[in-house]
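Novice: Listed here are the chains, written in short residue letters.
Number of protein chains: 2
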Amino acid sequence: MTTLEPVKVGICGLGTVGGGTFNVLTRNADDIARRAGRPIVIQQVAARRDNPACDLAGINVTNDIFEVVRNPDIDVVVELIGGYDTARELVLEAISNGKHVVTANKALIAVHGNEIFQAAAEKGVMVAFEAAVAGGIPVIKSLREGLGGNRIQWLAGIINGTGNYILTHMRDEGRDFNDVLAEAQALGYAEADPTFDVEGIDAAHKLTILASIAYGVPLQFEKAYTEGISRITSEDIEQADNLGYVIKHLGISCRTDEGIELRVHPTLIPKQRLLANVHGVKNAIEIMGDAVGPTLYYGAGAGAEPTASAVVADLLDVARDMVTEHKYRTPYLAFSGIIEQSDQAPQVLPMENIVTAYYLRLMAVDRPGVLARVATILSEQGISIEALTQKEATEGELVPIIMLTHRTRESSMNEAIRQLESLADVAGSVTRIRVENLDDNA
Amino acid sequence: MTTLEPVKVGICGLGTVGGGTFNVLTRNADDIARRAGRPIVIQQVAARRDNPACDLAGINVTNDIFEVVRNPDIDVVVELIGGYDTARELVLEAISNGKHVVTANKALIAVHGNEIFQAAAEKGVMVAFEAAVAGGIPVIKSLREGLGGNRIQWLAGIINGTGNYILTHMRDEGRDFNDVLAEAQALGYAEADPTFDVEGIDAAHKLTILASIAYGVPLQFEKAYTEGISRITSEDIEQADNLGYVIKHLGISCRTDEGIELRVHPTLIPKQRLLANVHGVKNAIEIMGDAVGPTLYYGAGAGAEPTASAVVADLLDVARDMVTEHKYRTPYLAFSGIIEQSDQAPQVLPMENIVTAYYLRLMAVDRPGVLARVATILSEQGISIEALTQKEATEGELVPIIMLTHRTRESSMNEAIRQLESLADVAGSVTRIRVENLDDNA
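Here the protein sequences come in this chain order: H and E. Take the first sequence: its position 111, counted from the start at 1, is 111 in the UniProt record's numbering, and no numbers get skipped. Take the second sequence: its position 136, counted from the start at 1, is 136 in the UniProt record's numbering, and no numbers get skipped.
To be clear, the hints were calculated from the coordinates, so they are not data collected in a lab. A few of these clues could be false.
Stated by the list, open to error - Distance windows between CB atoms, simulated:
{"no.": "1", "chain 1": "E", "residue 1": "V61", "chain 2": "H", "residue 2": "K327", "range": "28 to 34 Å"}
{"no.": "2", "chain 1": "E", "residue 1": "I59", "chain 2": "H", "residue 2": "S411", "range": "46 to 52 Å"}
{"no.": "3", "chain 1": "H", "residue 1": "G428", "chain 2": "E", "residue 2": "Q390", "range": "55 to 61 Å"}
{"no.": "4", "chain 1": "H", "residue 1": "P270", "chain 2": "E", "residue 2": "I59", "range": "38 to 44 Å"}
{"no.": "5", "chain 1": "E", "residue 1": "E258", "chain 2": "H", "residue 2": "P270", "range": "49 to 55 Å"}
{"no.": "6", "chain 1": "E", "residue 1": "E222", "chain 2": "H", "residue 2": "K327", "range": "41 to 47 Å"}
Unchecked claim - With the Cβ distance kept under 8 Å, some of the chain H side facing chain E (calculated, not the full set):
{"no.": "7", "residue": "E89"}
{"no.": "8", "residue": "S142"}
{"no.": "9", "residue": "L147"}
{"no.": "10", "residue": "N277"}
{"no.": "11", "residue": "T324"}
{"no.": "12", "residue": "A334"}
{"no.": "13", "residue": "S336"}
{"no.": "14", "residue": "I339"}
In this text, a Cβ means the ideal position worked out from N, Cα and C, and glycines have one as well.
With the sequences and hints as input, model every part of the structure.
Specialist: Here is the structure:
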């Protein structure tokens, strides 16, 4: 069957994803060779320590990752060490040595991707990163190739499993954020320092990558708006439920006439939407194209073998395209000439300029005229109210007022909230959660 | 930017999908050229009549589809005429003339695919058919490339929009099959002769294609089991709802030690599953891989531009790979050497040999001992009951007995039903609907 030379792979890093990749490549080697038309063999592995899940008998193992990128017998370097600086140095040296690169490193691509793609283009090598976004879900391939006939209008995704695990359990069990976070940490779903996940940085890395591929613009992680879920209360989850919504931590990118929205924040989603029904550590991304309409991609966003699944898919692409002239390959960010023409690309919108609907919750003294004052402030900012509920209370007591607004500009909402918080009748700060109201009916 | 020669396309058929393809290629031409690195131009269109949705000014139009496949200026023939015989002849002649082929024709691929791929392999040309399954959802690409590292274990999908539209409205509005079918016909969602859609033939075509790609076996449409939705009653939908299930028309293919299951039939799905929440004309396919676990792909399964989205994605693949040697291209059915080695491939299981859980509804006279007789028959066939409900009634009246069984072999269930229907206490025939109980937790 197989008549072509094997593709020789060097794996840098043998942690969770490295171990998974090693095992999938080994276990499914025969099927993979039948798919690629040639074997994909592990030529060398660089690891600082053993991974007990992997049987390394007969494998060339080094503890120096740079040995792999300098190994003349290696065609493709698989970077699975994570982090920024060393990974950047490793990948750039691999490229400089003419090797193709496969990486699962979202931080590296989101932050150093423009530089890496520029270097790779000059050397004519591939850099593949399906595993960097949403683990095993083939969303990069779907967006970059499968939807290639479309002008992408927006995308919205649950792209951090830790955050979704926490929100799912807060909702199902009526528990508090800190309580569920502690459980997630005990189960290994959250890191000891959970900032990266729960504050939305990890999701913003992934969103940055998706948006660049969707619209053909350079990576601009530094312009992403990021808001975490640590201030979401079980009260807000319950109120959202009463209104027919579920709160999810979404990454949203929308192409508007003014520019590109790039934002990660807690979001109310109508219950009947598929995204609202994605639970636990699972990920899902909804993508709207002008021809196809809404599509959705769901699966495991992390974990050893789900992520390995994406790494191996990239290796299959490399195996097929390594003989192809570079100009015929799919561009890294879907469109050719992105970085060279970045001055002509649409700009990322400042958060003040986005337009969305809002959920607001404020605690007000239940006395005559309060609602009128609240409504006047919103009205003066051009914000119209879609729904309002106020619990009954004894006059003079604090009572929550819950509102859903129609779409308005964030800057108007900021000003309205400033004024609401300065009202004598309003206690504490106003809770504001954006509502996902992207058009699902193209 | 663009330095490569344009790719010259001939479109055969300018109906719904042909018109959509023409319009998407025209409207998004600049973006498509930036993606492909070269323009994709419509060199000729063959149509028996005008499509008022298309502006054909300046286009070379013929009414002879065979002129397109003989046109020496055309690189890629896009077959959008549908049907079996003429489409087969057209595609085989295009291949014989050394042209690549893109088709949306599921019937053609499911029935004549083995012959077509064999001919194309001999000529070294591509035959792409993303649009043949689930319209705009890039599920062929995801299964064949994105999940290429996996051993696929099963897949299950809502792959006929007409059937899903009917079942959705039957459930939401408590209406009967014939009533909703008439409405779907009036709205253009169902054909005047709905057999192809509601009896599952269209879904079986698509399932056949998906299964071949999933497991690397030849296309075997003639071995697919097909059961339609025309006998589903609103009573069964309501009973399923009470038990926590939704009835969907699923195509299911599962790889077992004994062979490959290939079956289309109404199916009970637990309400919380994403597949149960796919409504109206939308499609979704869940795919289980050994590395990635469950993944799901959702979107529009039909319509002019959703299907065009898939056709254009295939054209982009052809544009990139037409310079590549054939042996480096992704095999038509994911694995190389499938048709040549078909004697070694796993066989499609006869329906009698599948193993699944069941929902049963029977009308029995409410008299002492009936339940015991029913339970004895099931027990003697080795079938265990998971749940049983019997409505209260006056003794001697007919009353429905509803049961959910654990997994059992179809042949045992056939025998049990034969015996149940021969009981004097049981009136009429036993309704049997299979329950989707594929493992979602790999």
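Novice: Where does the structure disagree with the numbered hints, that is, which hint numbers, in rising order?
Specialist: 5, 7, 14
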